[in-house]
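> Sequence:
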Amino acid sequence: MPLPRSLLSAACASACTALVTLGPATAGAQVPGRSPVTTPGVVEATSLTGQPLLRPEPQGATRERMEAQLAVARRAYDHTPADADSIIWLGRRTAYLGRFNEAIDIYTRGLTSHPADARLYRHRGHRYLTTRQLPRAIADFERAYALTKGRPDEVEPDGQPNARNIPTSTLQGNIRYHLGLAYYLSGQFDKALPLYREDVAASRGNNDMLVATSHWLYMALRRLHRDDEAAAVLQPITASMDVIENGAYHRLLLLYKGELTEADLLKNFGPEGNLEDVTTAYGVANWHLYNGRRPQAEALLSRITAVRSQWPSFGYLTAESELARMVRQ
-1 MPLPRSLLSA
9 ACASACTALV
19 TLGPATAGAQ
29 VPGRSPVTTP
39 GVVEATSLTG
49 QPLLRPEPQG
59 ATRERMEAQL
69 AVARRAYDHT
79 PADADSIIWL
89 GRRTAYLGRF
99 NEAIDIYTRG
109 LTSHPADARL
119 YRHRGHRYLT
129 TRQLPRAIAD
139 FERAYALTKG
149 RPDEVEPDGQ
159 PNARNIPTST
169 LQGNIRYHLG
179 LAYYLSGQFD
189 KALPLYREDV
199 AASRGNNDML
209 VATSHWLYMA
219 LRRLHRDDEA
229 AAVLQPITAS
239 MDVIENGAYH
249 RLLLLYKGEL
259 TEADLLKNFG
269 PEGNLEDVTT
279 AYGVANWHLY
289 NGRRPQAEAL
299 LSRITAVRSQ
309 WPSFGYLTAE
319 SELARMVRQ
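For the sequence shown, this note's numbering begins at -1 and goes up steadily by one.
None of these hints come from the bench; they were simulated from the model.
Computed from a predicted model, the values in this text were never measured in an experiment.
Accuracy of the hints is not assured; some may be wrong.
[What the hints assert, rightly or not] As a list, the in silico DSSO-like pairs of lysine-lysine whose alpha-carbon atoms are at most 30 Å apart:
1) Lys189 <-> Lys147
2) Lys189 <-> Lys255
3) Lys255 <-> Lys265
Whenever a hint applies, use it, and build me the whole structure from the sequences.
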């Protein structure tokens, strides 16, 4: 007998831990337990600088928990293999274990039955980003954006519930956010701007969405030398904002305002940097770059890409894209 959708959602959304950032709401989330390690010989992607990227796998109790959650998702899928929710959660749980290409295959098969489900394009696009397939990611996010344009938005369930168990992102917000990132990574800063502006406008009352999107909007504007517009982005940002998850982006915005220092943000960034460390470090490196301090930027970008266990994170990916662009220039 098929599992009721309410039971499926509850089973799949409970107590998950994610290996990589899932969008603006979880950009600063940390994985408890030991750091992930890469699996020798299992290449999940090729970096933008031409290096093989080995599958990252969580360790210890974290891995056991993720495997158990994947088993729940697989049982739900086995009961209702044609259900879009079953497909999405099977893909998400698979990706959390570093099996990104397997997750892409799951979403691709799902799209044969649900070709107009924007969620499948959104999640497959995310994993195309992870595996450095930028043109395919852009195509998926553009399709998802078109499918949801003008429709009511919906809260997107967290893969990793935050400390308050309050989801802080939406489907359309994540589509815009990831599409903007894909444009940003490919150097199309001008194409990212309207998406980030739309996200900022939609983030009223949601400080986590506001600081995440404001951060990327500010950086894109600075890269385009539109400094006055960038300064206006910082005006609503204050140190007293209540931010649940995106503390790294909040602190970076305070750095841009001159209220925090580089030392404040990087004091804990070492060779075994975690997700929040590389997220923060990229923002600082980019801050050096658009302020004309290329040697400092390049040194910090190299430190980020030395933390190989974090290659699926957006901080690592953007650092990698900058180094690749520097080589081409």
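> Work down the list of hints and note, for each, if the structure agrees.
Hint check results:
no.	hint	verdict
1	Lys189 <-> Lys147	holds, 17 Å
2	Lys189 <-> Lys255	holds, 25 Å
3	Lys255 <-> Lys265	holds, 19 Å
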